[in-house]
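Residue numbers for the sequence shown follow the working numbering, so the first one is 7 and each next one is one higher.
Since the hints were made in silico from the structure, they are not lab data.
We put the beta carbon where it would ideally sit given N, CA and C, even for glycine.
Don't take each hint at face value.
Listed below are the simulated BS3-like cross-link pairs for lysine-lysine, each with C-alpha atoms no more than 30 angstroms apart in a straight line [said to hold, decoys possible]:
#1 240 - 206
#2 87 - 131
#3 61 - 9
Derived Cβ-Cβ restraints for the label pairs, each shown as a range [what the hints assert, rightly or not]:
#4 230 - 191: 25 to 33 angstroms
#5 61 - 30: 50 to 58 angstroms
#6 82 - 24: 16 to 24 angstroms
#7 15 - 74: 14 to 22 angstroms
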Amino acid sequence: TNKVTNMSGMFSGCRALKEINLSSFYTSQVTNMSRIFCDCLLLSEINLLLFNTEKVTQMSSMFRNCSSLEEINLTSFKTDKVTNMAEMFENCSSLKEINLLPFNTSQVTNMHSMFKDCKSLIQLKISSFNTNQVLDMSCMFFNCSSLKEINLSSFNTSQVIDMSNMFFGCSSLKELDLSLINTHQLTNASCMFLGCSLLKKLNLSSFDTNQVIDISYMFQNCSVLKEIKTDNLKLLNKLKEDKEKISCITF
């Protein structure tokens with residue numbers, strides 16, 4: 007595979023495949039790995055330590071629907087040139103931990119549904135993420151129902167226009183620090199926290215909704231949400247509409 011540049015969809019739809027031996031693969035020229043393992047439903051492990059990803063720009067849907075995958079080691083991945091990570095781990099529903107600390111995401115523009123439906127995910131290491139170029143974070147953590155915390159301290163969201171459904175169904179989250187989130191370009195925040203049923207407080211003091219068109223169902227089914235820090239009138243009105251029993255709103 008010395009001269010191969012495109013591996014997009016290479017094993018996509020191999021639904022009965024339980025193991026893959028990639029030890030002879032040379033991937034130094036590959037630029038596209040989107041959907042390479044997509045829909046490998048029975049694949050429980052993949053050894054990617056010898057994968058050279060230095061020239062790869064496309065990783066969208068790379069492991070999408072690898073629902074039997076129980077662990078994954080991506081510490082050798084070089085992602086300096088990657089621009090698209092949309093749906094990369096979508097429905098990896100057996101994964102309990104994903105460590106992406108070595109990832110360089112400085113060129114990524116699309117993180118849509120990146121961890122969507124990772125229902126067993128307990129630990130997600132993304133504190134090193136550079137999101138300066140990201141435009142789309144919609145559904146990013148959608149239905150990560152076992153995740154108890156998300157560290158967004160490194161996130162620069164100044165270019166993001168879509169955060170709809172971003173934390174939809176994160177029913178184990180008890181708190182979320184969004185105090186540094188920049189929403190100056192944001193146009194869609196619909197269903198952003200819908201179904202965060204254990205979320206007790208939110209700091210939305212930095213939220214700018216001047217460009218936002220849609221905030222429908224933003225706080226729907228946040229049944230124990232008691233404290234929201236904001237002085238944004240548009241958000242306050244939405245809070246009253248979505249949830250009438252908020253006992254404490256801090257200005």
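So, going through the hints one by one against the coordinates:
Taken as a hint, the residue 240 and residue 206 pair is honoured in the structure, with Cα atoms around 21 angstroms apart against an allowance of 30 angstroms. With a C-alpha separation of about 20 angstroms, the suggested pairing of residue 87 with residue 131 holds against the 30 angstroms cut-off. Distance check on the hinted pair: residue 61 and residue 9 sit about 13 angstroms apart at the alpha-carbon level, within 30 angstroms; holds. The supplied range of 25 to 33 angstroms is met by residue 230 and residue 191, whose beta-carbon atoms lie about 31 angstroms from each other.
Checked against the given bound of 50 to 58 angstroms, the beta carbons of residue 61 and residue 30, roughly 19 angstroms apart, lie outside it. Here the CB-CB span from residue 82 to residue 24 is close to 23 angstroms, well matched to the stated 16 to 24 angstroms. Between residue 15 and residue 74, the C-beta spacing of about 19 angstroms keeps the proposed range 14 to 22 angstroms intact.
In terms of the numbered hints stated before, the structure departs from hint 5 and from no other.
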